[in-house]
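Number of protein chains: 2
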Amino acid sequence: MKVSFTSTQTPKTKPEDSQLSFGTQFTDHMFLMDYNREKGWHDSRIVPYGNFSLPPSTTVLHYGQAIFEGLKAYRCPDDTIQLFRARDNFNRFNRSAKRMCIPEIDTDTVLEHLKDLIRTDREWVPSSRGTSLYIRPAIIATDPYLGIRASHTYRFFIILSPVGAYYPEGFNPVKIWVTSDYVRAVPGGVGEAKTAGNYAASLYASEEAQREGYTQVLWLDGKEHRYVEEVGSMNIFFVINNTIVTPALNGSILSGITRDTVIQMAKKQGIAVSEKRISMNEICDAHEKGWLSEAFGSGTAAVISPVGTIRYEDRVLTIQKGTAGPVASMLFDEITAIQYGEKKDPFQWTEKI
Amino acid sequence: MKVSFTSTQTPKTKPEDSQLSFGTQFTDHMFLMDYNREKGWHDSRIVPYGNFSLPPSTTVLHYGQAIFEGLKAYRCPDDTIQLFRARDNFNRFNRSAKRMCIPEIDTDTVLEHLKDLIRTDREWVPSSRGTSLYIRPAIIATDPYLGIRASHTYRFFIILSPVGAYYPEGFNPVKIWVTSDYVRAVPGGVGEAKTAGNYAASLYASEEAQREGYTQVLWLDGKEHRYVEEVGSMNIFFVINNTIVTPALNGSILSGITRDTVIQMAKKQGIAVSEKRISMNEICDAHEKGWLSEAFGSGTAAVISPVGTIRYEDRVLTIQKGTAGPVASMLFDEITAIQYGEKKDPFQWTEKI
Ligand SMILES: Cc1ncc(COP(=O)(O)O)c(C=O)c1O
Ligand SMILES: Cc1ncc(COP(=O)(O)O)c(C=O)c1O
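Those protein sequence lines, which keep their order, are chains P and X. So the first sequence is numbered by full-length UniProt numbering: it starts at 1 and just counts up by one. So the second sequence is numbered by full-length UniProt numbering: it starts at 1 and just counts up by one.
One thing to keep in mind: the hints can contain errors.
It does not matter which identical chain is meant; a pair holds if it fits inside one copy or across any two.
Stated by the list, open to error - Mimicking BS3-like on lysine-lysine, the simulated pairs with C-alpha atoms at most 30 Å apart in a straight line are:
1) K352 / K268
2) K14 / K2
3) K98 / K175
4) K276 / K223
By construction, these hints were calculated from the structure, which means they are not laboratory data.
Required output: the full structure, derived from the provided sequences and hints.
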């Protein structure tokens with residue numbers, strides 16, 4: 001439980017809230033701990049943000065044995081800082097660890113260390129509505145060894161990055177491209193784990209989509225290329241005949257924390273939610289019949305991303321005239337109000353630091 | 001084409017040939033070059049082997065955008081050193097690069113740099129029969145950025161590791177475990193690329209196989225879980241009714257250089273080779289009828305690995321009484337004789353440095 005602390009001697013200039021972007025600026029400190037077989041996880045420490053010194057033979061650079069998480073802390077109107085569903089993120093982190101043969105961490109202990117770290121860099125948590133402190137915990141395999149096996153040593157780290165408002169000028173619907181050619185994950189694979197290789201595997205199709213003017217890729221199932229899975233870094237929802245429909249967790253989709261947040265919030269607001277297998281043909285059909293009133297993605301970065309256009313093979317579906325719909329807007333407002341501590345949190349999602 | 005050279009000031013003690021293992025010891029120098037959008041690949045240099053200094057936000061640590069190769073140099077009886085099919089490895093490297101949105105390299109230039117590097121550390125190339133110099137080229141994504149996109153900067157590196165004889169006491173057949181539950185790759189995925197995440201994705205099933213006393217996993221296709229793909233780090237061959245049968249390259253199997261070497265050598269020796277889709281049921285059937293006389297893997301590390309036992313669901317197939325068969329032995333002898341410069345190389349596979 002004890003964490004050693006080394007303060008930075010060269011504090012950086014904190015960016016203005018208006019100059020924040022995503023994932024480029026980091027705070028003054030980071031949390032580290034190491035793993036070996038004799039000591040388990042050990043040497044917990046908060047130290048100045050700085051480079052790792054890694055041999056070129058380090059396992060993670062060759063075989064990608066690595067996992068990560070993404071969560072946020074928010075500054076409330078009363079100037080307190082709160083975490084949103086951090087425990088759920090660390091539980092998912094441990095599920096990813098297991099799948100990738102990485103030793104699990106103690107979530108209670110790590111959560112305390114995370115709070116210590118944020119307290120240390122609390123001045124870095126931005127305050128404008130829409131801004132937040134993005135938190136990136138990760139574990140990398142560190143054996144200096146080229147054999148293919150689970151590493152015997154690991155480094156766990158948490159870095160913090162103040163991030164700007166995702167929608168400074170209001171909700172901006174995205175255009176998504178359904179790929180029938182490329183596949184991200186398949187039953188029996190590692191799609192459910194938040195592991196490095198899944199993201200590398202998504203780049204080629206993403207670049208193709210971007211060349212065609214689309215923001216992100218919508219992945220279909222790896223077996224039949226028919227059923228909707230998820231978007232690049234979001235889970236996907238459709239509003240069909242006033243019911244919110246989203247692909248059921250099937251082992252190849254990431255179990256998004258925001259996905260669960262959306263489902264709980266929608267139910268609380270009296271909206272029916274259906275988690276099921278859903279094909280692109282059903283989506284096209286619902287669109288044709290006028291039953292598809294909204295589509296949106298869910299993820300930690302943007303919370304809710306309205307989808308204005310879906311391109312699937314030779315069809316282009318325009319949804320809600322390409323603007324944000326009432327369900328997406330309501331969910332965004334209600335969820336962010338809890339995240340920023342503006343509304344009571346009946347779900348116990350938030351935790352003060 | 002110009003490469004700068006910085007000599008080590010602290011040369012390491014070279015290990016005895018008898019003390020070599022795989023991928024744990026590295027030579028005194030390494031080759032590096034960097035990529036950015038303005039300069040392309042630049043700053044080619046041979047420098048003392050040493051650690052990389054990487055920000056915790058480095059792309060490769062989070063999103064696994066990385067590729068690698070594995071090839072070997074051999075010391076010949078006349079004390080010259082030769083590379084085996086190096087150009088084929090760098091061509092495959094570029095195919096992996098393309099799939100993973102990594103900028104390609106100029107194979108001719110890099111091959112020259114590799115030769116320079118080996119010349120620099122030529123004393124490290126071991127000389128006992130069976131030993132060799134393992135060569136590991138790799139590219140890692142180096143943007144200090146948490147956004148999910150192809151990195152704009154990269155590092156290319158080559159490290160060298162003297163490796164011991166794979167079969168110091170003669171051919172040792174391996175036991176392989178067919179997994180019907182876990183999947184390594186799928187059509188539309190990145191199975192064909194030599195990219196980091198494919199190896200991380202293989203660890204869980206490998207650990208399961210090892211717990212059951214098996215050496216490696218034999219992967220089936222990701223769609224139907226019926227057709228044979230490849231073994232952990234080897235392609236797979238069966239001798240059925242005097243024909244060598246191996247899974248056809250289908251986009252999810254690595255196109256092994258040794259696989260191609262085996263096919264060319266077998267044909268030259270007058271053995272029929274069939275590249276086709278082959279199911280585990282066909283293999284079991286052939287085994288039952290007494291037609292399956294041998295099975296073996298092919299890969300740079302061991303060249304040929306006879307397979308003595310295959311476990312598939314509730315069946316255990318023992319092949320060639322668990323010993324190495326004549327086809328595997330012949331191929332091993334013929335191929336290694338060329339690699340070590342003991343026999344003429346009519347295929348132009350080898351290249352002196
Ligand atoms: C592949 C993928 N799907 C979905 C999500 C959304 O998950 P969450 O809501 O937990 O951020 C992410 C998030 O980062 C992701 O990487
Ligand atoms: C997944 C996989 N299959 C097959 C092979 C064999 O390829 P090669 O003969 O080029 O070494 C490797 C080699 O390293 C591999 O990683």
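Hints, verified against the model:
For a Cα distance limit of 30 Å, the shortest separation of K352 from K268 inside one copy, 23 Å, qualifies, whereas the shortest one across copies, 73 Å, does not. Taking the closest pair of Cα atoms, K14 and K2 come within 30 Å of each other only inside a single copy of the chain (29 Å); across copies the shortest separation is 42 Å, beyond that limit. Taking the closest pair of Cα atoms, K98 and K175 come within 30 Å of each other only across two copies (25 Å); inside a single copy the shortest separation is 35 Å, beyond that limit. Taking the shortest Cα distances, K276 and K223 sit within 30 Å of each other both inside one copy (17 Å) and across copies (21 Å).
Of the hints listed earlier, there is not a single one the structure fails to meet.
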